[in-house]
Amino acid sequence: MLDEVQWDGAFLKAFLKGDGTGASWIDLAGSKTVGGGDLSILVERQRYCERNGKSICEVGIWTLDKGLAAFS
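The sequence shown begins at 0 in numbering that gives the first Met the number 0 and counts up by one.
I should point out that these hints are in silico values taken from the structure, not numbers from a laboratory. These figures come from a predicted structure and were not determined experimentally. Certain hints may be false.
To be verified - Heads up, simulated BS3-like pairs for lysine-lysine below, C-alpha to C-alpha not over 27 Å straight-line: (1) K12 / K65; (2) K12 / K53; (3) K16 / K53; (4) K16 / K31; (5) K65 / K53; (6) K65 / K16; (7) K31 / K12; (8) K31 / K65.
What the hints assert, rightly or not - Okay, the calculated beta carbon distance ranges per label pair: (9) G29 / D64: 12 to 20 Å; (10) G29 / K53: 26 to 34 Å; (11) G52 / K31: 32 to 40 Å; (12) S30 / G52: 27 to 35 Å; (13) K31 / N51: 25 to 33 Å; (14) T62 / A28: 15 to 23 Å; (15) S71 / D26: 15 to 23 Å; (16) A69 / L15: 26 to 34 Å; (17) K65 / D7: 13 to 21 Å; (18) S71 / K16: 14 to 22 Å.
By construction, the Cβ of each residue, glycine as well, lies at the ideal position given by its N, Cα and C atoms.
Kindly generate the complete structure, drawing on both the sequences and the hints.
Given below as structure tokens:
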């Protein structure tokens with residue numbers, strides 16, 4: 000469970016870059032690969048890992064959504 004959520008400039012920059020998905024938010028939205036809500040979850044996981052010294056591999060995302068699961 001995330002301990003805090005910060006929607007600030009750093010969050011928005013990571014969101015627009017696509018946060019490690021290999022594509023920008025514009026490309027993801029255009030291809031309907033990952034929606035804004037799913038990308039927000041991915042960005043928050045990355046920020047959580049950075050704050051707590053964990054790798055992304057250690058912090059899973061439980062989901063039934065196939066698009067989000069592909070990046071989890």
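Right, here's what the structure says about each hint:
1. K12 / K65: holds, 25 Å
2. K12 / K53: holds, 21 Å
3. K16 / K53: holds, 21 Å
4. K16 / K31: Holds, at roughly 16 Å.
5. K65 / K53: holds, 24 Å
6. K65 / K16: Since the Cα atoms of K65 and K16 sit roughly 21 Å apart, the hinted pair holds (cutoff 27 Å).
7. K31 / K12: Measuring from Cα to Cα gives roughly 20 Å; hence the hint holds.
8. K31 / K65: At roughly 12 Å apart (the allowed maximum being 27 Å), K65 and K31 satisfy the hint.
9. G29 / D64: 12 to 20 Å: Hint holds: Cβ distance 19 Å, inside 12 to 20 Å.
10. G29 / K53: 26 to 34 Å: For K53 against G29, whose Cβ atoms are near 31 Å apart, the range 26 to 34 Å holds.
11. G52 / K31: 32 to 40 Å: holds, 34 Å
12. S30 / G52: 27 to 35 Å: holds, 33 Å
13. K31 / N51: 25 to 33 Å: holds, 32 Å
14. T62 / A28: 15 to 23 Å: Taking Cβ atoms as reference, T62 and A28 lie about 19 Å apart, which means the hint holds.
15. S71 / D26: 15 to 23 Å: The hinted range 15 to 23 Å holds for S71 and D26, with Cβ atoms some 19 Å apart.
16. A69 / L15: 26 to 34 Å: Violated, at about 20 Å.
17. K65 / D7: 13 to 21 Å: Because 30 Å falls outside the window, the suggested range is violated.
18. S71 / K16: 14 to 22 Å: holds, 18 Å
The structure fails to meet hints 16, 17 from the earlier list, while all remaining hints are met.
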